[in-house]
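Chain by chain, the residues:
There are 4 protein chains.
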Amino acid sequence: MRKLLKGLHKFQSSYFPANQEIFEQLAEGQKPRVLFITCSDSRIVPHLITQSGVGDLFIIRNAGNLVPPFGSANGGEGAAIEYAIHALGIEQVIICGHSNCGAMKGLLKLEKLRLEMPLVYEWLQHAEATRRLIQENYSDVKGKELLTITMAENVVTQIENLKTYPVVRSKLHQNKMSIYGWIYDIETGEILSYNPNTDDFEPPQSILSNSVNESFVSTSAPPIADSQQHDSMTKQNSGDLPVWLSQSQAERIYRGSAAIS
Amino acid sequence: MRKLLKGLHKFQSSYFPANQEIFEQLAEGQKPRVLFITCSDSRIVPHLITQSGVGDLFIIRNAGNLVPPFGSANGGEGAAIEYAIHALGIEQVIICGHSNCGAMKGLLKLEKLRLEMPLVYEWLQHAEATRRLIQENYSDVKGKELLTITMAENVVTQIENLKTYPVVRSKLHQNKMSIYGWIYDIETGEILSYNPNTDDFEPPQSILSNSVNESFVSTSAPPIADSQQHDSMTKQNSGDLPVWLSQSQAERIYRGSAAIS
Amino acid sequence: MRKLLKGLHKFQSSYFPANQEIFEQLAEGQKPRVLFITCSDSRIVPHLITQSGVGDLFIIRNAGNLVPPFGSANGGEGAAIEYAIHALGIEQVIICGHSNCGAMKGLLKLEKLRLEMPLVYEWLQHAEATRRLIQENYSDVKGKELLTITMAENVVTQIENLKTYPVVRSKLHQNKMSIYGWIYDIETGEILSYNPNTDDFEPPQSILSNSVNESFVSTSAPPIADSQQHDSMTKQNSGDLPVWLSQSQAERIYRGSAAIS
Amino acid sequence: MRKLLKGLHKFQSSYFPANQEIFEQLAEGQKPRVLFITCSDSRIVPHLITQSGVGDLFIIRNAGNLVPPFGSANGGEGAAIEYAIHALGIEQVIICGHSNCGAMKGLLKLEKLRLEMPLVYEWLQHAEATRRLIQENYSDVKGKELLTITMAENVVTQIENLKTYPVVRSKLHQNKMSIYGWIYDIETGEILSYNPNTDDFEPPQSILSNSVNESFVSTSAPPIADSQQHDSMTKQNSGDLPVWLSQSQAERIYRGSAAIS
Numbered sequence: 001m002r003k004l005l006k007g008l009h010k011f012q013s014s015y016f017p018a019n020q021e022i023f024e025q026l027a028e029g030q031k032p033r034v035l036f037i038t039c040s041d042s043r044i045v046p047h048l049i050t051q052s053g054v055g056d057l058f059i060i061r062n063a064g065n066l067v068p069p070f071g072s073a074n075g076g077e078g079a080a081i082e083y084a085i086h087a088l089g090i091e092q093v094i095i096c097g098h099s100n101c102g103a104m105k106g107l108l109k110l111e112k113l114r115l116e117m118p119l120v121y122e123w124l125q126h127a128e129a130t131r132r133l134i135q136e137n138y139s140d141v142k143g144k145e146l147l148t149i150t151m152a153e154n155v156v157t158q159i160e161n162l163k164t165y166p167v168v169r170s171k172l173h174q175n176k177m178s179i180y181g182w183i184y185d186i187e188t189g190e191i192l193s194y195n196p197n198t199d200d201f202e203p204p205q206s207i208l209s210n211s212v213n214e215s216f217v218s219t220s221a222p223p224i225a226d227s228q229q230h231d232s233m234t235k236q237n238s239g240d241l242p243v244w245l246s247q248s249q250a251e252r253i254y255r256g257s258a259a260i261s
Numbered sequence: 001m002r003k004l005l006k007g008l009h010k011f012q013s014s015y016f017p018a019n020q021e022i023f024e025q026l027a028e029g030q031k032p033r034v035l036f037i038t039c040s041d042s043r044i045v046p047h048l049i050t051q052s053g054v055g056d057l058f059i060i061r062n063a064g065n066l067v068p069p070f071g072s073a074n075g076g077e078g079a080a081i082e083y084a085i086h087a088l089g090i091e092q093v094i095i096c097g098h099s100n101c102g103a104m105k106g107l108l109k110l111e112k113l114r115l116e117m118p119l120v121y122e123w124l125q126h127a128e129a130t131r132r133l134i135q136e137n138y139s140d141v142k143g144k145e146l147l148t149i150t151m152a153e154n155v156v157t158q159i160e161n162l163k164t165y166p167v168v169r170s171k172l173h174q175n176k177m178s179i180y181g182w183i184y185d186i187e188t189g190e191i192l193s194y195n196p197n198t199d200d201f202e203p204p205q206s207i208l209s210n211s212v213n214e215s216f217v218s219t220s221a222p223p224i225a226d227s228q229q230h231d232s233m234t235k236q237n238s239g240d241l242p243v244w245l246s247q248s249q250a251e252r253i254y255r256g257s258a259a260i261s
Numbered sequence: 001m002r003k004l005l006k007g008l009h010k011f012q013s014s015y016f017p018a019n020q021e022i023f024e025q026l027a028e029g030q031k032p033r034v035l036f037i038t039c040s041d042s043r044i045v046p047h048l049i050t051q052s053g054v055g056d057l058f059i060i061r062n063a064g065n066l067v068p069p070f071g072s073a074n075g076g077e078g079a080a081i082e083y084a085i086h087a088l089g090i091e092q093v094i095i096c097g098h099s100n101c102g103a104m105k106g107l108l109k110l111e112k113l114r115l116e117m118p119l120v121y122e123w124l125q126h127a128e129a130t131r132r133l134i135q136e137n138y139s140d141v142k143g144k145e146l147l148t149i150t151m152a153e154n155v156v157t158q159i160e161n162l163k164t165y166p167v168v169r170s171k172l173h174q175n176k177m178s179i180y181g182w183i184y185d186i187e188t189g190e191i192l193s194y195n196p197n198t199d200d201f202e203p204p205q206s207i208l209s210n211s212v213n214e215s216f217v218s219t220s221a222p223p224i225a226d227s228q229q230h231d232s233m234t235k236q237n238s239g240d241l242p243v244w245l246s247q248s249q250a251e252r253i254y255r256g257s258a259a260i261s
Numbered sequence: 001m002r003k004l005l006k007g008l009h010k011f012q013s014s015y016f017p018a019n020q021e022i023f024e025q026l027a028e029g030q031k032p033r034v035l036f037i038t039c040s041d042s043r044i045v046p047h048l049i050t051q052s053g054v055g056d057l058f059i060i061r062n063a064g065n066l067v068p069p070f071g072s073a074n075g076g077e078g079a080a081i082e083y084a085i086h087a088l089g090i091e092q093v094i095i096c097g098h099s100n101c102g103a104m105k106g107l108l109k110l111e112k113l114r115l116e117m118p119l120v121y122e123w124l125q126h127a128e129a130t131r132r133l134i135q136e137n138y139s140d141v142k143g144k145e146l147l148t149i150t151m152a153e154n155v156v157t158q159i160e161n162l163k164t165y166p167v168v169r170s171k172l173h174q175n176k177m178s179i180y181g182w183i184y185d186i187e188t189g190e191i192l193s194y195n196p197n198t199d200d201f202e203p204p205q206s207i208l209s210n211s212v213n214e215s216f217v218s219t220s221a222p223p224i225a226d227s228q229q230h231d232s233m234t235k236q237n238s239g240d241l242p243v244w245l246s247q248s249q250a251e252r253i254y255r256g257s258a259a260i261s
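In order, the protein sequences belong to chains A, B, C and D.
If you read the first sequence in the UniProt record's numbering, its first letter stands for residue 1, the second for the next number, and so on.
If you read the second sequence in the UniProt record's numbering, its first letter stands for residue 1, the second for the next number, and so on.
If you read the third sequence in the UniProt record's numbering, its first letter stands for residue 1, the second for the next number, and so on.
If you read the fourth sequence in the UniProt record's numbering, its first letter stands for residue 1, the second for the next number, and so on.
Just so you know, these hints were derived from the structure itself, not from any lab.
Mixed in with the good hints, there may be bad ones.
Note: identical chains are not told apart, hence a pair may lie in one copy or across any two.
As the list claims (entries may be wrong) - Here are the computed lysine-lysine pairs in the DSS-like style, where the Cα-Cα straight-line distance is at most 30 Å:
1. Lys109 with Lys163
2. Lys10 with Lys142
3. Lys3 with Lys109
4. Lys176 with Lys163
5. Lys3 with Lys112
6. Lys31 with Lys163
7. Lys112 with Lys10
8. Lys6 with Lys109
9. Lys105 with Lys163
10. Lys31 with Lys144
11. Lys142 with Lys6
12. Lys3 with Lys144
13. Lys112 with Lys171
14. Lys112 with Lys176
15. Lys142 with Lys3
16. Lys112 with Lys142
17. Lys3 with Lys163
18. Lys6 with Lys112
19. Lys10 with Lys31
20. Lys109 with Lys10
21. Lys171 with Lys3
22. Lys10 with Lys176
23. Lys105 with Lys142
24. Lys105 with Lys144
25. Lys142 with Lys171
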């Protein structure tokens, strides 16, 4: 706690005065562009990963970045989604999973949790679609590889769950909603984004450049040097695959169970 | 989205390489010291406010920083609380509300939400104790002042709710759990902490220094010059009251309805 | 049933005529001063224990004297609490557990109830905070001693649960509500009351005399000779401990796990 | 509270010592014969009305003596019923309503409760069958008369609800369960019991004497002088009707809606 209070003091005495004008503007109201749904895990810092500023991200965090299907839970997820989309008019949602996720580990040994952590056990029912998919399609995969695949498949599961919300369904119908599934590797800092067209996880830049209904893209936004980006990706990856997945791991995630069976 | 991708690129090309060792260590597992429960609001950046590092804060975020009483909801809150306390061994919890909170605004005109945002309406039932307290005790307060009081009282409500969780009750019994209620003012950057002994919100430093069961305080931690801290607080506040509350506002929050009637 | 009908006849032919005036007054409406929450157990007779008259106690009885946290159940408890406090204006609540409680026995072997008594099993989830506290802190205690500690800790759990109710929170804010936790020993007739300041169970008289916000105390009430009371308590107890707990039992309950470890 | 403590002292110093043996026996375990379900109302004292002793009655009390249909609520009612019948082997249940009942008053102006006492409002949904029956069949009745009829019909509603419980259904199948519906008039001390054969409320003695599957009736029980009883009833009632209902009121309750439509 002393560490936090020290930090608080530092924030108030140096960061805040230097950015006072921004905070005063924000005090009037928020205008975030993105709803960011991620895990409670302490190693995930959305603002750091995306270098976002105060006011940019409306954030939901829970264990395992789950989105219970509409009507299946009465926790905070549904309300925050509804508020973000209906009241704030947010049109972009990112569901971000991550490597070495404790919730996903729990999902892979679910029965052990029933007595020891009953609330976690119940909560993970909202990832049951992930669990069953893994059980029925990846029985030959083990350890860290299995955990990574589970986490990645779970992001796709939660995208489907998100689509069951009335406010999301209506906006999707209007082509005013984009849903992104990200997986973040803590060890390498890399992020891949789900591409529904290929059922693959890919560097997010490449997905965006192919996107057709990105009505929100402002041409006045400072352009990103695409070449530079691809360079950096190329440096990390040989070919299209991220370095933190082995070739076979990646193929499993990218092509799904079809590649295995 | 381009802005985010640009940020992502910046993170990967500059921040990450410079801190690669930390991320590699963290990839093994997390050891956060604090469970931080706050609002989804885009203007709240816990790591910025507390100047915390990656791995320091296990975070739950929803609309209104609510903690449904144990058994009253099957959303992510209970599972994340259970995981944080039982699996990770976290012994400090901060529930952090903030000024100009949209969820609290909704709470003050709840009936209007019923049809338009039914999930938000349902969710705010977990702040019903706050709503009723305000209705029955602050009928003469209006506008921004009422909103601030509502937000502050709601933090106390959620502390009561948190105490109903089995993992919390057991740790409290062992004197191994500290629960802090914070209120954060976006406009001034100031934070006050709830003091259950006085039923007041006070600068967090003063509460900590009086705390008796702070078993977690490491004597090896770099000491904070207390005088310096108090100086800075004194500079911000004349007297005991925070600058972002008027004298009368503050009295209402601090002393409750007694000061009013 | 014949016994009851005989009793009914006796009530109507002797008790009622002798007290007809009281019943006629009460027929107009009730003005109870106390909400008494206790177990359905046939051995608990609140009016006998407290020598209360008709119209004095508004009573909730269920298995285990549980108070589900606000919003966690839709049984009669919440409604009766709300009615007692809001409609009747009751400002004092007693939650009274008792020795040899069947519900607490069930709580200590919960899994066995799942199939045989599923409703009891579900209901005891509202005492899960008690069960977990006992499991994590009293693993070395057994038998009758364990049952007594469980029952006592459960009263404290239910006090915490009660505080989550909107009508309770609002009245507590106004200092117009007192919550008492009692434990009653059937074998000795003794009652102890929870003292939150010391986290102890003590003779209720001693707690009351120290109480500061007992706004309800009427000075015109016939005074109780305190010395006489203390004498009688002293006769029953040598020292501060009640006779129905052994020295070690009592220490466990009174001082919590600290005394054990 | 002082009054209660005084009573407690009196109980411990006089009643308890004089009956110590009984309490010591009871400390071993309970063997109640009757499950008594009644209202939380402070004017109802089951032990007084039935002149029962400690250990005779297993008691459930809530607002309006409601028994939610099986599966419709997760409050304490179902658990206590299950425990009483399955664990304790109780074979007789009394559901006892009473005159001037606040819950029944609430039922007759239900919409007004929705905002002011939402938990009471929700709870009274379990008496919706009563409300609708009254609304559709007694539109010409008003005031106190309507309240009495509502209360009486509600007892019948709750008998039906009770029959939906698995443990009850099974015991009824074995002819090992008797369910009685009582209505108690506070002003006169009189009790009437529902007779399903005639759909009437009648003096309970007359129902019992006609009962065919009263397997529990012990011939060794001290006989009640029937003539004496009937005498006393005759004194109170001219004919078969209780004095606290007018002839027309009584006919309505006794013959139900058939008499009206």
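Hint numbers the structure violates, sorted upward?
-> Of the numbered hints, 2, 3, 5, 7, 8, 11, 12, 15, 18 and 20 do not hold.
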